[in-house]
Every structure is written in structure tokens, then in C-alpha cells.
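These protein sequence lines are chains F and E, in that order. The numbering of the first sequence is my numbering, which starts it at 38 and goes up by one. The numbering of the second sequence is my numbering, which starts it at 149 and goes up by one.
Just to be clear, a hint being listed does not mean it is correct.
DMTMM-like cross-link-like pairs, simulated, lysine to aspartate or glutamate; straight-line CA separation at most 20 Å [what the hints assert, rightly or not]:
{"#": "1", "chain 1": "F", "residue 1": "258", "chain 2": "F", "residue 2": "312"}
{"#": "2", "chain 1": "F", "residue 1": "155", "chain 2": "E", "residue 2": "364"}
{"#": "3", "chain 1": "E", "residue 1": "989", "chain 2": "E", "residue 2": "970"}
{"#": "4", "chain 1": "E", "residue 1": "611", "chain 2": "E", "residue 2": "643"}
{"#": "5", "chain 1": "E", "residue 1": "254", "chain 2": "F", "residue 2": "123"}
{"#": "6", "chain 1": "F", "residue 1": "360", "chain 2": "F", "residue 2": "373"}
{"#": "7", "chain 1": "E", "residue 1": "542", "chain 2": "E", "residue 2": "633"}
{"#": "8", "chain 1": "E", "residue 1": "846", "chain 2": "E", "residue 2": "793"}
{"#": "9", "chain 1": "F", "residue 1": "360", "chain 2": "F", "residue 2": "174"}
{"#": "10", "chain 1": "E", "residue 1": "713", "chain 2": "E", "residue 2": "703"}
{"#": "11", "chain 1": "F", "residue 1": "380", "chain 2": "F", "residue 2": "172"}
{"#": "12", "chain 1": "E", "residue 1": "628", "chain 2": "E", "residue 2": "603"}
{"#": "13", "chain 1": "F", "residue 1": "155", "chain 2": "F", "residue 2": "174"}
{"#": "14", "chain 1": "E", "residue 1": "611", "chain 2": "E", "residue 2": "649"}
{"#": "15", "chain 1": "E", "residue 1": "362", "chain 2": "F", "residue 2": "111"}
{"#": "16", "chain 1": "E", "residue 1": "254", "chain 2": "F", "residue 2": "126"}
{"#": "17", "chain 1": "F", "residue 1": "360", "chain 2": "F", "residue 2": "338"}
{"#": "18", "chain 1": "F", "residue 1": "203", "chain 2": "F", "residue 2": "338"}
{"#": "19", "chain 1": "E", "residue 1": "362", "chain 2": "E", "residue 2": "313"}
{"#": "20", "chain 1": "E", "residue 1": "362", "chain 2": "F", "residue 2": "163"}
{"#": "21", "chain 1": "F", "residue 1": "155", "chain 2": "E", "residue 2": "365"}
{"#": "22", "chain 1": "F", "residue 1": "203", "chain 2": "F", "residue 2": "303"}
{"#": "23", "chain 1": "E", "residue 1": "1014", "chain 2": "E", "residue 2": "985"}
{"#": "24", "chain 1": "F", "residue 1": "155", "chain 2": "E", "residue 2": "361"}
{"#": "25", "chain 1": "E", "residue 1": "613", "chain 2": "E", "residue 2": "776"}
{"#": "26", "chain 1": "E", "residue 1": "362", "chain 2": "F", "residue 2": "331"}
{"#": "27", "chain 1": "E", "residue 1": "283", "chain 2": "E", "residue 2": "224"}
{"#": "28", "chain 1": "E", "residue 1": "552", "chain 2": "E", "residue 2": "532"}
{"#": "29", "chain 1": "E", "residue 1": "960", "chain 2": "E", "residue 2": "992"}
{"#": "30", "chain 1": "E", "residue 1": "309", "chain 2": "E", "residue 2": "235"}
{"#": "31", "chain 1": "E", "residue 1": "356", "chain 2": "F", "residue 2": "153"}
{"#": "32", "chain 1": "E", "residue 1": "362", "chain 2": "F", "residue 2": "161"}
{"#": "33", "chain 1": "E", "residue 1": "362", "chain 2": "F", "residue 2": "153"}
Think of the hints as simulated: they come from the structure by calculation, not from any bench.
Given next are the chains, with one letter for each unit.
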Amino acid sequence: MKPVAIHPRTGHLVAPLLAAIFSLFLAACGKDQAAQTPAHTTTTDSPDSSPPSIVLLIWDDYIAPEVLEAFTTDTGIAIDYRAFSDTDELVSILKSNPDHYDVIVADDSVVHLLREFKLLRRLDHDRLENLGNLDPDYLNLHFDPDNVYSLPYLWGTTGIGFRADKVPNPEESWDLLWDESLKGKIMMLQERHEAYAAVLKSLGYALNSQDPNELEQASEKLIRQAADLDVQYGDDADVRQALIDGTAWVALCYSGDAFYAAEDNENIDYFIPREGAPLWIDSFVLSRDAPNLEHAYRFLDYMMTPEAAAGNANYLFYGSPNKAAHPYLAEELVNDPRIFVPKDRLAQCDYHRKLSAARETIINNGLRQVFKVIRGEDEDEVAASTPAKSEDNR
Amino acid sequence: MNSIRKRVLAALLLVGLLPLAIIFFSTQTLTSRALYDSEHDKLSEIGHEVGRQVAGIMENRARDLESLRSNPFLVDPSATPEERLKEMERLVGVYDLFTDISLYDKNGNLVNSTTFVQPELVERSVWFTRALEGKVSISTPSALLGQPGLHLTVYLPVLSKASNERHVIKARIPFASVWNLLDSVVIGSGGAVILLDHSGNILSHRNKALIYEKFDERFSHQFWRENDRGTYTDPRGIPYSYVAVPLDELSTRVGSPWTLLAMQPASEVTAIVNQTLSYQLAAAAVTLIFASALGFFLSRKLASPVITASKAAQRVADGELDIRIPETGPIEMQEMASSFNKMVLEVTDYRERLESLVDSRTTKLRESQKELQALTAQLRATYESTQEAILVVKPDGTILTANKRIREFFNVQSEDVWRMNFNEFINEVHSNFDNEDSAPSSPTGRWTFYNSHEDGTAQEEWKLKSPGARSLAVYTAPVKNNSGEEFARLWMFRDLTETRELEESLRQAQKLEAVGRLAGGIAHDFNNLLTGIIGNLSLAQMNSEPGNNATGDNDPKKLIGSAKKAGQRAAELVKQLLGFSRRTHLQIDACNLNSVISEVRDLLVHTLDPRIRIEALPNDKLWTVNADANQIEQVIMNLCVNARDALPEDGGVIRISSENIDISEEDAERITGATPGPCVRLSVTDNGSGMSDEIQSKIFEPFFTTKEQGKGTGLGLATSYGIVRQHGGWITCTSKLGKGTTFHVYLPQAYNISPKEDKSAPTNPSSPPLAGGDETILLVDDEPIVRAVAEGVLKQFGYQILRASDGEEALKICNDHPGEIDLVLLDLTMPKLSGGDTFRKLRETHADLPVVICSGYLVDPDLFEKETGSRPDAFVQKPYQIEVLASTVRSVFDRAPAAVA
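Same shape as in the complex, but just chain E:
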């Protein structure tokens, strides 16, 4: 309504349409009222006519009653019940009027009836009581069992002469005539006449299912009395025009009034009204069109100069600054045009100046933007070219950025890692890890841990099994903004696989070197022990010849005992060497390094010159570290070998100790490679020759050695240093010439992890009394001496012995003696068919035959099972003591738990 033109138009329409509207509505109201009135009058006429006819029907029923009353056969007091029954049957048969007639005595007992369907054997109704009092009455319409429709019942007193008592005749008359009348009335297409009793029950309705249902409980009998016409809305909301016609007791003759409702849906009445309305609407529409045309023309005339000005202003606003309004027309318009044109000139000027300013600023902005883009691209390229995989995660788990190496390292399928949530990322990659459970020590566990520990910084090493076996150096640290707030966590991964492989081979070489170097000492010890064995045995041989009854120290039994003792010591020595030199799989685990100390100590005690004292001082409450215990063992071993070399010929002390220590920030800065925080420190101290500062500065360099040619490779300390760095730790050395040297190995404490339970072998069960047996045992060994010893031992215990010198022969014997062999004692290292293959074939062909493996090598039961598919019934480690062999064999026979030697 804001334009002048619209206002003018509205004013014209208002003046034209208002009177029209008023006339329209008033006519409409008057017409519809008249129509409604006439419909009601029609309804009222019908209603009253029907009412009169219903009253007529009821009057006829009363006459029927009178006809009974005047029937001489029925009312004659001298008539017998039988005569009466005969007449009743005649009446029922002849006239179609009565449904049935019954006769009752004064006590209400049935005397006779023309029917036996629910005649009521006993009558106690009010109408019956009235009849006994001599009154004639008609009951309200009621239903009968098995009879359709409703029935009126008339009660008529008669005298019985025989008993001089009053009897009552009861006759039932169908109510159908009232129904037929009402059903025949037609009011429009949806109208009806309904008869209600004084309790609001429907007595007559086209829908017979509604008989004796309540018409509408919202409206009482009294309501229809007081509102005899109007609009009635049924419970479904449909409105009706109705007229209520009361029928009083005199008309109904049943002792209570009825109501007749004539009704017609209001919609039918409205339909007529609506037709009139549509004519009036058409007239209104014509007027509206005329008024609109007039208004359109006038408003256009009035508003055209203003519209011209407004269009010009619009074009100026759109930037056409050369537009001018012609200064013509009415004075007001001329003045307005002049001011407008002046204003346009000024705007043009301002606009030109503004545009040149904006241009220069925009150019500058674009340049700096370009520089920024170039810089970002460079940074991005650099970041994508690094060897490291980089992942930056926000605390809420959103991945802020990730370079392409992340996808490469972790085999992530999704193109856009940075679109993933961190949890989704972990879910996708966690199965790639070697250790894919979610224990705290697994990568998933570590990941979760650091994500919830904002300040944690770590350098760790994780293992991947897919897309290929890889070692990853992991670095994580919080990322902080200028004000020191952490806004993300950085994860960097470097592929260490090749480095680790190189290190592994170096370590192995170094280990062999250490064994080699130890072997010098061991050879000495071993020669001593062999001297003891050979010497004692030779003496025993000499003294056991017939006639030579030596006693005391030369008693052959005693000599052999000494030889055996020396042999056992040699066996112990070999076992430890085997244990040290065996190739192990790298396994970083949470562990307590005190176990390392005790193992190194045990090894040294046997291999070093007995004049050297080994002291172990473990701290009982040592913290847990993440480490490969075997590697750390090698480090300590290297340090101890170095210490031994520094000791004088006549012995000295090597002390191995462990302790917990907290590295302060200052300490960390002072020492190369050190990081602050809690650490475990292992120390190896000797009281040997010590080192000069010059030597100290070179000790960790590869191939630096102070030892004479052939005694050392110069790799020991360098390898040790590498191993410790790899664990995130470092080594320091303090030494004074002539006083001794101490090496400290520092390893950071493992966060939040407790060490795995020590799965060391169970303690040897107390040896049972040695028992033998008579079972047959097949001995398989390529070494005749060993075979002979085993045979001797087992025969001693009563067993039957079969022999085989290799796997093939063993299988043949087994097949040739089916069911005879009770156990196989099997060597592993043999020509033709190895022990492992023989074992596998035996398991295939003789699944129930017990097999005991006897080998000079250390056998890992898990590894053995992996290679051959099942476990043997027991292991015996060579060289064995006869008690061990005997008890193991017996225990297998006795199905006792196999003792694994």
C-alpha cells in the first residue's frame, strides 16, 4: 500500500465495493433466514401430521383392546380356561392383529397361552398388577425372544366364574404399523422421522439396529419439550434442522409421553441458500471488475510523473549517473527534478574518487595473498616430502592435518585422512599393528593414553604387520600456540625397518663376537673340566682291571663320580652359552630389568675367572620400562666383558646394580641424548684400570678399540649405545685412571604399565623314586655312543630296546613291528630324515605312539609345535642325567604330566 498508485486504487475500490458488500451480506442473511424458516415450517408440518397418525395407530390399538374386552367368549365369567384358549387361538388365527394371547390367574401363573415362546410363566409387571385392580392397560413397546420387531402388550382383566377370581388376558400386538408409517415418510434425501420414548430411547428408526439405543444422551426428554425447533448437531458434528413434536400420554396410551423428531441435514437446506448466494456473487464480481478498471485508469493518470522520477532515481542507483530528469510539469515536480539532477552530479564525483582508492588497495591485497599462497604451497610440498608420516589431531578427535605418508605407512584407504575422526582412523589402522589388541601396552592403548594425557611426550617404537612388517619410530608431543595453549597433538612416524634390520644383523655379529671372546675363557675352563673327566676316567679304567683292588681316592666309583661332576659342570656351561647366543626375535615389552641383572650374573659367574667377584645389587622396587630384555641383557653383558678386560690379572670386582632415578631438566641438558623425567638406571662398575679422558670421548665410536688385534672388533659399546638409544635411553660413562670405570644405562620409565608376569619355567618337581618297566622303547640317534649310553641306561631300568640310526630306519622299524613299540626316544639332528620330520610322520601314521624328544640343542616347545604341528610327549635335554631320562620315560608311560627338560 506504499505506492501512490496503489493508494488511489484502494480508495476507489473501497468507495465502489463497500456499499456493494453491505448490500450483498444483508440480502444474503435475509434470504437464508427466510429459507431456513420455510424449511422448519415444512418439517413442522410433516412432524405434526406424522404425530397425528401415530396417535391414530395407538388409538386403534386401544380399540383392539376394547374389541377383546367386548368379546363374549373371553369376558364371560362362566367361560372355562379351555373355552377361553379356544377363542384366543381363534382370534390369533383369524386376525393378523395379535401375535399371541395368554391367560394368567390372579397369582400371575400362566394358565393357558397360544404360544410357549417366552410367554412368561409368571407375570409380575405393573400392567398385570393394574389389570388385577380392574384397569385395562397397554405396555410400552418391548422386544420378544425370537420375534422380530417390537410388540405392544395389552392386559385385560376378566372374571373367572369357576374360581370366582379375576384372571388376566395378555395379548401382544406388533408395533410394526408405527414403524411402517415412520419409515414411509420422506424428508429430502437425508431427512427422517424418529420416535423417542420418555427416556430418550429410539422406538422407531429406519436403522433397526438403533432400536432401544439412546438417541443422544446430551439432550433429555425435557430439552425436546422446551426447544421444539432449531438446529441439532449430532455427535459426529453433522448439523440438522429439526422439529420436535411431543406426544402426550393420552396420545401414546402406554402411560408415558413420546417425542417425534422430524429432521433434515442442514446441508440440504443450505444448498438452496447457496444457490441464491452464487447469483449475488456473480453480480458482485462484475461490479468489482468495473471498479478495478476505473481505478486502474485514474491511478495511472495521477501517478505517471512520480513514476518517471522514481524510475530515474532507480537508474541512478543502478549506476547510470548520466541520467537527468526533465525539469517540466507541475512546479513541485520541476523543483524536485532540479534538486535531484544536482545531487546526481555530486554523487558522480564522489564515486569516481572512491573507485580509484579501492583499486589501489585491492592490488596490494592481491599481491600479499599471492605471496601467502606460494609460501603455503612450499610448506605443503616440504611437509609432503618428508620421510616422516605426520598426523596432527585436535583434542576433540578431529584430524587437523595428515601428510600422504600417513596413508602409505598405515595403508589407509580413504583419500582424505584429514576428513576422518581420530577414532575412525584408529579403528581403520589398529588391525595393521603387530599387537592389535587394545591393552595399554599396544599401539592402540598408547594412542588412547597420549590422547587423554595432554602433556605427555613420547618416543616409542611400534611394529606394523601390514601393509608389510615395519618398525615405526613414534614421536608424539602436544602442539602449542603462541600463548602456550595446547590446541593439537602431533604424531610423527619414521620408518625404521631398514635401520632395524641392519642393527639386527650387526647385533648378531656382535653377539657372535662376544661369544667368541668368551670362548677363550671357556676353552680354558672346558679344557680343565675335560682334563678332570678324562683323567678320572683313565684312573678308573686302570684301577678297575682285575686284580687291582684300589681303595680310597682311587676307588673307581669315586673317580667316575668326579668325572661325572666335571661333565655336569661342562654341560651347564654349554647350556648357558647356547642360551646366550641363540637368535631371538626382537620383542619390546614392559619388563623389570632386575631379571636381566640376575641372568647376566649367572652367566658371568660360570665363565669369568673365579678370582673375579661378581656383585649384583638390584633395587627391589625397580620401575617398569619398555624394553627388549634380551637386547638389554646383551648391553649389560658387553659392559661386563669390557669391565673384565679392564681388571688386573689377579682379579677384581664387577658390580651390577639397578635403581630408580628422576632426571631433572638441567641434567638432561648437560647429557647428550638425555630427556628429563623418571628413569631406570643400570650400572656396571669395575675397580680396574680406568680410562683417560681422551679414550672416554671415543668409546662409543664404532671400531674404536683399545684391545690388541684379534681380541675385539670395537663394536661392543657402539652397538650397546645404539640399542639403548633405540629404547629412548642413553649411556654415560665415568672413569678415573687407575681407579675404575662405571657405565650407567638409562631407560625411561614406562607410563602406566605394569610388567608382564614372569613366565619362567616352573620349579622342578621333586624327583619321584626311580622306577623302571618292561615296555619296548625305540632309540633313534645317529651317534652310536649316545645310543649305547641310552640303551645301557634304559636296559638298566628293565626296558626292551630297539635301535635306529636315522629317521628312515626308525619309521621302517615302527612299520615292521606294529603294536610292539611302546615309546620312541628321538634325536633331532640326524642325517637322511631329521628328527622333526620323523616326528611328524610318526604322528601321522602312529598317532598314539608316545614320542620323547632328546636333543643337545635348546628346544622351544612352542616353536617346535609350530614347525611340526604337535607337541611331543616330553623333552629330554642332552646331556642328561640318567635319573632325568628314566623318570621322564616312566612319567610318559604313567601318563603323568610330561616333564619338559
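One chain only, chain F, in its complex shape:
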């Protein structure tokens, strides 16, 4: 049998030729297709040429300047400090430009509100090395379970600040705000929940009462106070100033504000009324569209260092939820029962809880009337223009 001859030369020429032609073709197709698929370029925080900075939205003078300076020195990140004076303003400006602000400080009820408005950004806890410094007692609270959005900054109470030289040894009760002998010398915080907390407690009701009757009584008492006692309303800075210059002798006041004002006028003192008082936590949160996220995280982490946390508490006379900061706290701060409130007194205090629409309606309406009285509009006329109750059903 003769072997079948194979012609290797022809075979070797044909195959590569075919391959070459088709591979060219394939390459052309591939290139076309590649051009269609967008490259998955990732966008990180814009590495701007301008020096790094963050925008901090916070109450006026509500963080120790030396802590901010130290932060800028240590990290090279500048702070753009923007102040707001009350919740409505905070909500307004944040709603308008959520991409203009990075870090915001807000109290517990406002954190809850901002979450409802979807204006906050979830926190990536992995980026916060100092999270462990915080006291678990101040974490995972009702307004933000698991601290998805917020980190506690300072805590305090809302009570009564007064001029000890004008009102010596007052009875430690909310009734002081309705004392007729102090007419024209009484001041209230314009934060609606604080004002209502004071009046509800003075009536002997719960801080977060939902009972329409109790709330109507509270509105009435506030309106009467505005009309009969020449009460002034203002934000926390207004209250401090009024106590310092004597425009007001007694005032609904944040605990730390009273001690802070006492630096300027030693006659200013503070008490937590025996009926109990609002307890609150101010927290750091991030704006939903924060433009300088990387720097904002560094700022949050820095603020949770024991030194920074203690620096702020010492400066502002508030309790610090930072456990690691305790060794650095000033002794007069730690030993002051009005700041580090003893457990039995604390048991009478409560946080502002999530609010129902029905309650909001009564409070907003009531306060609107109070403000009208203060602006000098006729109370009766106001009452006549109150909309029908069926309105808030929608």
C-alpha cells in the first residue's frame, strides 16, 4: 500500500492567509464595538486646584474656634463657616442648595426632619476610625436608629436661664416664665418645640403630649403670655445677648448658652425646672449632595478625637457624648450637676419625639398666633382668620 502524499507547502500557505484576512476583519469589528462601550471611568471627589475646604452649616458660635484652627493646621483643610439661626432657616437653605454644604450640625428633632425631607447622606462608618470613642448611651437613639445618618456632637437640656442679681433664688419651676412681676423681662426661644415643651411642662403635661386638648391649652397659655407679659421671642444668640445686657431677666434657654453667657456676665445662672425639661442631642450630619465628601469625613473623624470633642464641650459648656474625651474635660464641667445632670433629674427629662401631623397643625397654628401678637397684630382678627380644621385632612 502506498502512503497518501500530503503537500505541506500549499497547506502552510493557505491557512495563514485565510487567518490573516479574517483576523483583520475581526480586529476592525472589535474596534468598532469597543468604541461603542463607554469606558467605566470613575469620578472621585473633584481634585480641584483650589485649596481643600469644607462648608460647615451650624448655629452661630457653636464650635470651639481653636478646635477648627487645629483641624485646619493638622489637615490643611479650610472651614467655610455658615451660620443659621433656627430650624426653619436651616431647612430652607439646605433645601435650596443641598450641593453647597458638606457638614451640618442639627438637633435630634431636626435630624429626623431632614431625614424625612431626604436631605441627608448615609454615613460610611468604615471611614470613621474614631467612631469607637463615642458613648453607646448616645448612639442608636430614636431619631436615627443605628446612626445611619448622624453622629452625636454635644448634649444638653433646655431650661431657664436667669439673672441672679435681678431674680435672686427663684423657685426652680417653669412657672417663672409666667411670673407677672417679671413682665417685660421674659424671653422665649422661637424654636417651636422648645416653647411648647416649656408650656406643656408648666401645665403638668408630658413633653411630647399628643392630646389636642392639652395642646390647645398650651397654645392659649403661650398666647396669653405674649399678650399679657410682653414676652420677647428670639433665637439662642438673641437669648444670650438679652440675658447679658439685662433686656431679659428670665429666659427659656439652652443650658450651654446660659453658661456661655455667664462668661460675659457672671450674674447669669441656669436651672432645670423641677417639672422636668427637654433633653436633646446635637449631631453631625452630611448633606445629601455634599461636594467635598472626602474632606467632610476627615472633619467628622477629627471631631470624634478625644481632644477635639473635649475642646468643644469645654468651650460650649455642654455634655460630651464622647467617652474617650472625659479625661480631657474641665473639672468644673464634669462636677456641675446642671451640665452632667444626675440620673434622677435626668429621668424627668425627655427627648422631643417624632411628631404627628395633627400635633404639628396645632403647634404651628398656635405659634403663628403668638408671633402675630408679638408683631402687634390684633389677636382677635388672627383668631377669625384661622382656617377650618378640615383643612389638614388631605
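Starting from the known structure of chain F, arrange chain E on it as the hints suggest.
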């Protein structure tokens, strides 16, 4: 790819399949591209249409705003806030368009509102500021407290004539129409249209939980502007085809641009492509089958002669040497077949020669193997038949071999001792030992010690308590190979139980003999002492008769004192004899033999002729040995008795000494039974008559004696020799006629062990002043004289006495006088009910009644407790001195620590 056939097959398949593959892949690429393009075009069409409609909705919102603006009731400057509120409420009520409408003054304070749910009491937003400047604006969609969905807020400036100021009307319009539009768009089964604001937040999505969440932070607003179509891979890795449609500020009317994303999972697009692909694959498969069949046929044709040759070669390789390849076919194949066939012939020849060589070698090997096996079996049988238990352990603890006696001796359950680790073995057997702790002197301790001391060789004796009480002679030594390296340790155990029992009875007999022999001397001494006692008492009796007032030496008090002194010496003598003759349990322990020397000396001083001088010369730093001190004591005693017999009538010197000595290799070889190493040597030397060499050569033989009939059994030295051998030691003797004899007892030093603390009785406390009392004591003794003496003594000290002559009577008295008896003084050896039984019954019925045991025998308190269950409150040894009796009784009453006499 090594067979010709496979190569041919591969070549054919390559030629057939390559073009097919190329065509297949190119078609596939072109088709899928076309499909992707058309899907994108579809997406793009949908996206732009939706974009147009969103812009339309926003335009309508602007028109709604215009409608407010043109509402005369609202914009009329002369309208009062109340009129405006009325109109606002009408608008909210009539049209479904507005959620709520609010009116603010120029400072941003709320004037009126159709709602009170978060109307913002104070307005400070940018849109409000713009309205104050006279501009109309719409806010970005935002959430409201307690309201579902998003809302647009429109801000409209109006003039208030009353205050001549600008007011602002704020109306909120639901964003729901945009949501409804986008949610109604259907793209495939997994596609969607998503609306994003310029910060990448989701404004509209089917999943409402995602509203105002970031869509995907990896991609900015700018990215979607620049890449308006393509493939997007979400964070979970799922790819989508997408088209991005930009909506500019003019379309959105909220002052910032939006982006509309129309997207569809890439898998849905690919599904269509894949269907086309499967048709093409089917075609390819058909071609492949055809090409394979062709290749199979051709290759077979080509390769068949080669395969025939290779099969033949394979069969040759398998041993079929008669195979030949037919020399046919092509020339090359014929030549190859011829060479192959020649080669097969040669291989056949070689193979036959090789096989016969291997056969003869194999036979030889088998024979020698058989011999070796037989020899091993014999050795094994011998080894298994020995009386000794044998264990060989490697240094790493592996048991190399063990014969069956090991299992028998140590009651090992496991069939294969040699499979065990040495530590496991020890763990299993250590509880069998009498002394089962792991102290250095216990078997476990010794075992561990020798295992870690390679060169140590030992002959010891260990005691087993299970499977039966046994004595084992233990021998251990390192096992060395031809080059002298130690590769294992040998342990041999021989059962000495019977030997030891025989020895024990022999020893006892011998001990009695020694006592007997001593008794001769003692009888002499005792008679002397009795003469003193009786004589003195007789004189005292005579002289104490009335009218006989003797003084001086004949004063009765003095005479009685002499009698008492003689009596005390007799008591001392009896006590020592009792101590020597008592039967003791064999107990090998680490000990210092100087104690033996002093005890033997004390005994001899009292029993030998006072003309014989006893010298004791103990070495203060004597090494420790493993020995039974009682046995060694007997050995030394035997040697001393022999020495006494060799001394002349008029006395001489016996010297007992101890010293440490190192036995050299040469010394060890010279002396029978000696081993080299450190030893303790006890020597007994006399300056008596000495022995001739002939006698010396026989002295250790049993029943050899030089003494006259009745004076010796001839067992003393033989027993001594046995005892010392049993301790691993030996005895030598040097003697010269007329000069004297020296016996040396050698015992090897104990490795690594210090002697137990001497537990000898505490020194007698200083005797307290004798005190009596008025308590009632029951005397129990069968001997009236003893009873009378005790009664006399105790009455003397003021006690009330009751008497009983045996145990039964004692118990009866106790029961008849409940609560009256304060103490019982109890003899041990009595008729009817023995002292021990009486004691036990008293403890059962009168647990609190103190009992003092008074006996002429030596009582071991531990043994007594073992037999009766508890200890008495005190012991008094008879004969006693009245002070001892009185103080012991008193101390029991006073609850002082019981003095054990």
C-alpha cells in the same frame, strides 16, 4: 498527537474547520453588533420621547404657575390676606392641582396658609428670595412631612396694597405626573426609565425607596452628558444597555438640568443574539461530523501497515517471541519487517539464558530466607518462653518489642504491647504498682528517670498490687549495637514473689533464732535484775514490820527505790526485745543507714555482756540507699551476734561503722556479685578469735556453723547474705586468726533520691506537775495485780475507781452507770471480749467516753486505728511509771493533746 493516524486526522479537520470557524465568528460578530445597535436605537427613541413628555409636564407646571399669576384675586394688590386665603382655599379645593398654597410677607413670615403641616413658618429659600426680586420660580422636587411622593413648589410674587410691600405666594404641586409617566414606560421585561437630577440623585424610579438616593456615584452628571449611549454595569456587576437623554434647564424649569436614563439589561439583548448563534452552531456541528468521518476513513487507510507492525512489536514486548511480521507491502515496510524479525530472534535467545540464571539465584535466596525464618521463630519462642518479662524501648518512646509475660505481669489489656507508646504503657500500668504516685522513688519515677539517663543500669525491686501482690526484680540497661551506639533500653522483670515469701519466712525464723540466742544472755541479766527486785522488796518487807525502824541502806523507801530502778531496767530490756522481734512489713525506701547503726548499738549495749565495748562510728555525710531498714538492721545484728561469739570471755570491742565508697571496675571484677559505682559500706569489726581461710570460704553457706549444737542454726550469715543481695549489694569478710574479723556490707547508692524525713516520735514533753482529780475511772484488766496497782495509783491521785476483769463486764458496768464514768482505762489482751473489741463497742455506744489503752505490747497507733476504726484518746505502755499513768489520765481529762506512750 503522536500517532500517524491522529496527525492525519488533525490535518484534515484543520483544513475543513478553520474556514468554517472564521466564517462563523465573523458572522456572529456582525449579527450581534447589528442587534445591539438596533436595541440602542430603540432605547434612544423611547428615551427621547419620554424626555419630550417630561418637558411637556414641566411646561404645564409653568402654565399652572402662570394661571396663579393671572388670578385676579391673588395678584390684585388691593386684596387683603383674608381674600387671598379664601381664593387660595378655593383653588386648592376646586382643582386637584395644588397640594397647598401659603402666603408670606416680605420678611419671610407666614401670613396665611391652607395647611399647617410644615408650611415653614419662616421662608428663607433661594426661590423665595428670587420671588421678592419679582421673579417667578419653581423649586426642585422635594419631600414633605407626612405627604407621600415629591412636590414641586412654585413661588409667585404679589403686591400687597395695604402695606405696599411685596408678598409671596407659595404653592406646592405633586410631582406624581412625572412618576406616573415614567413608571408606565415598558422596555423589555427588566428595562426602566430613570430620572436623575444634576447631583446624580434619583428623582423618579419604579422603586420608590430609591427616591433621592444616589443612582451610582461612580458616574457623574457630566459622564452621562458625554456618553449618551453604551453599556452600563451596575455595582452588582449586571450589565445594561442604556441611552442617556439630557434635559436642560429650559426643559426642567427648576433651574438645573436633569438626565433621563432609558436602560435594559444586556442579557435581554444578548438573548436574541444567542438564538442566531445557536443556528450557526448547528451548521458548524454538521460540518464537523462530515469532516471527522472523512478524516477517520482516510487516516485508517494510510496508517494500517504501520499499525500492523506496531501491534506485532507490542506482542513481542508482551513476551510472544514467536511473532513475525509478514514481509510484504511497500519496500520500506518490507525492510523494516525483515530487521524486526531478526531482532526478535536474538531477543529470544538472550531471554532464555537470562531466565535460567535468575532461576538458580532465586532458589538460593529462598533457602537462606527459610533458614532465617526458622532461626527467628526459634529465637522468638525462646524469648516468649523465658520466665522474665522483657520490654525493649527506643529512646523516642516506641516499644520495640515485648514478650507475652509483660502483659501477664502488668495485666496489660492491649494485645499488642509493641504497638503502644512507652508513655501510654506506663499510664496503663502505673496504677498496678503498690506505690502509684510519680515520686522519684516510685516505679513510675524510676521508669522516667532511667528513660532519660541513657547509661543508667539498675537492678531494683518493685512491688505490684494488681493483678496480684507481686515482687518484681527489675533489671534495666541500655541496648547497644555493634558500633556501641545505644539504640534502645532493655527492661527485664522477674517474678520474685515466691522467693520473697520463702525468704520472709526464713527471715522470721532466723529472727526468732536470734532472739532465742539473745535470750540466753537476757535471762542472765533478767535473773540479776529480778534478784535485785525480789531481794530489795523482801528486805523492805522485813524492815517495814512494826518495831523495826531500820535506817541507812535498809531504809524501806531506799530499798523499794532500788527495786523500782531494777524493774525499770527490766522494762527497758523487754521493750527493746519486743521492738526487735516484731514482725514488720517489708518496705524498701530511701534511707540513711546511720539510724540502723544507732538502733543496733542501743540494743546491744543492753543485751551484751557489759565487758564488751560497743563502738559506733557513723559517717555524718552518708549517702542514701534504697533499703528496708529493718532488714539491714537484722543483718547488722546478725553480724554483731557473730562478733560477740568470737570474742573472748573477758570482753572485747565490737565496732560498727559506715562510710561512702566508690567501687572501681577492677574491684568489682575481683569480688563475687559486686558492681562498680558509688556504694555505702557498713562494717562490723571485732577483735576476737578470727577465722581460718577454710572457714571463711564456707561462712555464707546455709546451715554452716562453728558453734556447738543448740547454739546456732547456721542460717544467720546465709540469710544476711540473701538480704544484702536482694538489695543489690554484697558482703565481704576479712579475718585473721587470733586478730579479729571484719564484715563489710556494701549497698549501692540510690540515684537521685534523698531519704525520707525521720518520722521518729517527738521528744517527750517536759512532764507537767502531777495533778489528780475526783472523776470516776473504770479499770479494765484481767490481771488482778495490775488492776490493784492501777487502782492504788489512781486512788492516790483522788480518782473514784470502778473495776472490771474483762470486756463484757466493762460494757455491763458502763451500761449500768450511765453518765457516771468519766474515763475507761482498758487492757488489750483479755479473755471473753478482747480489749480491741471492747474499745470498738464502747465507741459505738458511748462515743464521747474517753478511753486510754494500757498494754504490755507495743501498739502501733495506725494499725490499731485500722483494726478498730478509731484512735483511743491515749496509750500507756505497760509497765508504766505512776507519773506517766497519772499525767496521761489527767491530760485526757484536760483535753490536752493525748500523749501516746
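Verification of the supplied hints:
no.: 1; hint: F:258 / F:312; in the structure: holds, 17 Å
no.: 2; hint: F:155 / E:364; in the structure: holds, 17 Å
no.: 3; hint: E:989 / E:970; in the structure: holds, 16 Å
no.: 4; hint: E:611 / E:643; in the structure: holds, 10 Å
no.: 5; hint: E:254 / F:123; in the structure: holds, 18 Å
no.: 6; hint: F:360 / F:373; in the structure: holds, 17 Å
no.: 7; hint: E:542 / E:633; in the structure: holds, 12 Å
no.: 8; hint: E:846 / E:793; in the structure: holds, 17 Å
no.: 9; hint: F:360 / F:174; in the structure: holds, 10 Å
no.: 10; hint: E:713 / E:703; in the structure: holds, 16 Å
no.: 11; hint: F:380 / F:172; in the structure: holds, 16 Å
no.: 12; hint: E:628 / E:603; in the structure: holds, 10 Å
no.: 13; hint: F:155 / F:174; in the structure: violated, 26 Å
no.: 14; hint: E:611 / E:649; in the structure: holds, 13 Å
no.: 15; hint: E:362 / F:111; in the structure: violated, 31 Å
no.: 16; hint: E:254 / F:126; in the structure: holds, 15 Å
no.: 17; hint: F:360 / F:338; in the structure: holds, 15 Å
no.: 18; hint: F:203 / F:338; in the structure: violated, 44 Å
no.: 19; hint: E:362 / E:313; in the structure: violated, 41 Å
no.: 20; hint: E:362 / F:163; in the structure: holds, 19 Å
no.: 21; hint: F:155 / E:365; in the structure: holds, 17 Å
no.: 22; hint: F:203 / F:303; in the structure: holds, 12 Å
no.: 23; hint: E:1014 / E:985; in the structure: holds, 13 Å
no.: 24; hint: F:155 / E:361; in the structure: holds, 8 Å
no.: 25; hint: E:613 / E:776; in the structure: holds, 18 Å
no.: 26; hint: E:362 / F:331; in the structure: holds, 16 Å
no.: 27; hint: E:283 / E:224; in the structure: holds, 17 Å
no.: 28; hint: E:552 / E:532; in the structure: holds, 6 Å
no.: 29; hint: E:960 / E:992; in the structure: holds, 14 Å
no.: 30; hint: E:309 / E:235; in the structure: holds, 17 Å
no.: 31; hint: E:356 / F:153; in the structure: holds, 14 Å
no.: 32; hint: E:362 / F:161; in the structure: holds, 14 Å
no.: 33; hint: E:362 / F:153; in the structure: holds, 16 Å
The structure fails to meet hints 13, 15, 18 and 19 from the earlier list, while all remaining hints are met.
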